[in-house]
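Participant: Chain residues, written in single-letter form:
Number of protein chains: 2
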Amino acid sequence: MSTYPDDLRELIEKYLAGLRFSAIPETEGLDEAMRYSLLAGGKRIRPVLALATSRSLAVEPESMLPAAAAIELIHTYSLIHDDLPAMDDDDLRRGRATSHVVFGENVAILAGDGLFAEALRLFTEHQQGEPASVLAALRELLAAIGVDGMVGGQYVDVTQEELGAEQLRGLHALKTGRLIAASLGVVLVLAGPNEPDTIPYRRFAEELGVLFQIVDDILDVTGSDEELGKRHGSDERHGKLTYVSLFGLERARELAAESHRKAHEALAAVRGDPRDLSQITDFIYTRQS
Amino acid sequence: MSTYPDDLRELIEKYLAGLRFSAIPETEGLDEAMRYSLLAGGKRIRPVLALATSRSLAVEPESMLPAAAAIELIHTYSLIHDDLPAMDDDDLRRGRATSHVVFGENVAILAGDGLFAEALRLFTEHQQGEPASVLAALRELLAAIGVDGMVGGQYVDVTQEELGAEQLRGLHALKTGRLIAASLGVVLVLAGPNEPDTIPYRRFAEELGVLFQIVDDILDVTGSDEELGKRHGSDERHGKLTYVSLFGLERARELAAESHRKAHEALAAVRGDPRDLSQITDFIYTRQS
Numbered sequence: 026m027s028t029y030p031d032d033l034r035e036l037i038e039k040y041l042a043g044l045r046f047s048a049i050p051e052t053e054g055l056d057e058a059m060r061y062s063l064l065a066g067g068k069r070i071r072p073v074l075a076l077a078t079s080r081s082l083a084v085e086p087e088s089m090l091p092a093a094a095a096i097e098l099i100h101t102y103s104l105i106h107d108d109l110p111a112m113d114d115d116d117l118r119r120g121r122a123t124s125h126v127v128f129g130e131n132v133a134i135l136a137g138d139g140l141f142a143e144a145l146r147l148f149t150e151h152q153q154g155e156p157a158s159v160l161a162a163l164r165e166l167l168a169a170i171g172v173d174g175m176v177g178g179q180y181v182d183v184t185q186e187e188l189g190a191e192q193l194r195g196l197h198a199l200k201t202g203r204l205i206a207a208s209l210g211v212v213l214v215l216a217g218p219n220e221p222d223t224i225p226y227r228r229f230a231e232e233l234g235v236l237f238q239i240v241d242d243i244l245d246v247t248g249s250d251e252e253l254g255k256r257h258g259s260d261e262r263h264g265k266l267t268y269v270s271l272f273g274l275e276r277a278r279e280l281a282a283e284s285h286r287k288a289h290e291a292l293a294a295v296r297g298d299p300r301d302l303s304q305i306t307d308f309i310y311t312r313q314s
Numbered sequence: 026m027s028t029y030p031d032d033l034r035e036l037i038e039k040y041l042a043g044l045r046f047s048a049i050p051e052t053e054g055l056d057e058a059m060r061y062s063l064l065a066g067g068k069r070i071r072p073v074l075a076l077a078t079s080r081s082l083a084v085e086p087e088s089m090l091p092a093a094a095a096i097e098l099i100h101t102y103s104l105i106h107d108d109l110p111a112m113d114d115d116d117l118r119r120g121r122a123t124s125h126v127v128f129g130e131n132v133a134i135l136a137g138d139g140l141f142a143e144a145l146r147l148f149t150e151h152q153q154g155e156p157a158s159v160l161a162a163l164r165e166l167l168a169a170i171g172v173d174g175m176v177g178g179q180y181v182d183v184t185q186e187e188l189g190a191e192q193l194r195g196l197h198a199l200k201t202g203r204l205i206a207a208s209l210g211v212v213l214v215l216a217g218p219n220e221p222d223t224i225p226y227r228r229f230a231e232e233l234g235v236l237f238q239i240v241d242d243i244l245d246v247t248g249s250d251e252e253l254g255k256r257h258g259s260d261e262r263h264g265k266l267t268y269v270s271l272f273g274l275e276r277a278r279e280l281a282a283e284s285h286r287k288a289h290e291a292l293a294a295v296r297g298d299p300r301d302l303s304q305i306t307d308f309i310y311t312r313q314s
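One line per chain: the protein sequences are A and B, in this order.
Per the numbering used here, the very first residue in the first sequence carries number 26; after that it's consecutive.
Per the numbering used here, the very first residue in the second sequence carries number 26; after that it's consecutive.
In short, the hints are calculated from the structure, not lab data.
Given the structure is predicted, the values throughout are model-derived calculations rather than measurements.
Check the hints yourself; a few may be wrong.
It does not matter which identical chain is used: a pair holds within one copy or between any two.
To be verified - Straight-line alpha carbon distances no greater than 25 Å define the calculated DMTMM-like cross-link-like pairs of lysine to aspartate or glutamate that follow:
| # | residue 1 | residue 2 |
| --- | --- | --- |
| 1 | K265 | E57 |
| 2 | K265 | E51 |
| 3 | K265 | E130 |
| 4 | K68 | D114 |
| 5 | K265 | E53 |
Using the sequences plus the hints, can you model the full thing?
Facilitator: Following this line, the structure appears as structure tokens:
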């Protein structure tokens with residue numbers, strides 16, 4: 026039995042591999058840098074979540090490919106910028122040298138900027154749907170990545186402002202949780218089920234963001250560089266507050282189990298077919314990288 | 026007689042000053058960094074062009090404020106990233122210390138990222154218009170800032186790939202020309218005049234981008250730091266190909282005069298009221314900063 030919706034992963038992988046961002050020879054080098062980071066593989070959790078949400082609502086996953094790909098481009102842009110020397114200064118990501126190591130800091134900054142712009146181009150130019158729905162989905166995505174979303178979460182992460190532990194913890198969750206939740210949210214807006222039917226999906230999405238973050242914090246301590254495809258122990262080196270630093274490894278594992286259970290509970294209330302989403306939940310809980 | 030549509034400048038200035046990007050205390054520091062760069066003043070050429078285009082079409086400029094402001098946010102984001110140590114390494118901009126000097130490189134990168142995301146939020150959440158028109162206007166804007174637009178232009182600028190002089194010149198124009206042209210283009214899409222009526226506007230917009238760039242190159246040589254609000258001679262220090270380095274100062278001035286004439290010619294064919302746009306054209310030609 027499959028433990029991950031690999032057909033959806035293959036669908037998005039193929040779509041991503043077919044993307045070209047440059048139409049003129051002079052910007053091909055930038056296109057190359059962008060695709061270097063974009064095509065480094067991985068489980069593609071965010072776009073697969075989007076496609077799985079679509080399928081659970083009996084809407085062709087293919088029809089959501091531009092939106093799903095846009096989310097992966099945005100995730101990749103955030104990784105490139107997070108890895109910069111002025112930020113987390115990481116030299117390894119997805120098992121490869123990071124963008125600034127290969128292309129230089131200036132090109133890495135622009136590769137991130139380019140992925141962000143092209144993500145939204147892809148969305149606005151190719152995503153099917155009523156214009157009002159596409160626009161509403163864009164609003165949902167942009168709210169998840171703005172100042173009170175992913176970018177703001179990264180700000181709190183690098184500046185470590187004087188906050189209470191719990192508060193800071195919540196803010197760190199902005200950095201990953203919001204985009205994870207938006208991976209479902211965008212499809213809910215585009216596929217347009219009745220408003221009450223979206224509530225269990227949204228509860229599930231929020232819990233999944235929490236689960237992802239707890240497991241991420243645990244793996245940063247317990248994983249090997251090789252498994253993770255990036256340096257482990259990065260959080261501790263940067264003195265970051267994590268579920269592990271706050272509660273200890275054992276309690277963090279309990280919290281992960283609790284969050285895993287809650288995610289499945291939320292999913293049980295969903296009216297659509299929950300199979301793919303259930304598999305992704307288990308994968309996020311048990312993943313080693 | 027006014028030589029610049031100052032009422033439109035005041036309109037956008039007030040709107041920009043009223044923007045807040047953070048709704049939670051933890052991201053207020055990021056909001057502050059973003060507004061530090063955004064509210065450094067200046068002539069607001071891009072948003073004023075957008076508002077002037079609207080008025081020339083007898084559409085209330087107020088109705089275009091979110092789109093116009095979004096363009097200024099994007100312009101500001103590009104300045105912050107361009108000034109970074111890994112890019113042009115400039116310490117002075119709009120007469121103030123640059124973002125990374127005041128807030129550190131990490132916050133400066135995120136202030137740019139935040140302005141980009143919030144620009145598009147502003148556009149999608151507050152710009153009036155039929156959803157199909159708002160979406161089409163977004164496409165126009167995003168095409169101007171992506172890999173074959175502003176970001177790609179900056180890539181060519183920092184990498185100075187091996188290109189012919191004329192070719193490289195054209196690419197540099199991507200960096201500024203595309204966003205200038207989009208400042209009109211976005212309003213043309215939103216205000217929706219008949220397609221044939223947009224042609225002279227678009228010819229004018231393109232020429233204005235060229236004019237802006239030639240004058241910018243001349244001012245980098247002839248301006249003082251105080252007038253420019255940034256370090257002059259930056260192009261030469263970075264060994265950049267400019268209209269001046271390519272053709273000499275005298276010929277560059279002739280080219281500016283020619284471009285100024287062509288812009289007015291294009292404007293003469295416009296069906297709407299060209300007064301504000303004519304003033305902006307003269308301002309761009311004669312500006313000292």
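Participant: Each hint should be assessed against the structure and marked as holding or not.
Facilitator: Hints versus structure:
For a Cα distance limit of 25 Å, the shortest separation of K265 from E57 across copies, 23 Å, qualifies, whereas the shortest one inside one copy, 33 Å, does not. In the homo-oligomer, the alpha carbons of K265 and E51 lie at most 25 Å apart only across protomers (16 Å), although the nearest pairing inside one protomer, at 41 Å, exceeds that limit. Taking identical chains as interchangeable, the C-alpha atoms of K265 and E130 lie at most 25 Å apart whether they share a chain (24 Å) or sit on different chains (19 Å). Taking identical chains as interchangeable, the C-alpha atoms of K68 and D114 lie at most 25 Å apart only when both belong to the same chain, with a minimum of 24 Å there against 37 Å between chains.
For the homomeric pair K265 and E53, the shortest alpha-carbon distance between copies (20 Å) is at most 25 Å, but the shortest distance inside one copy (37 Å) is not.
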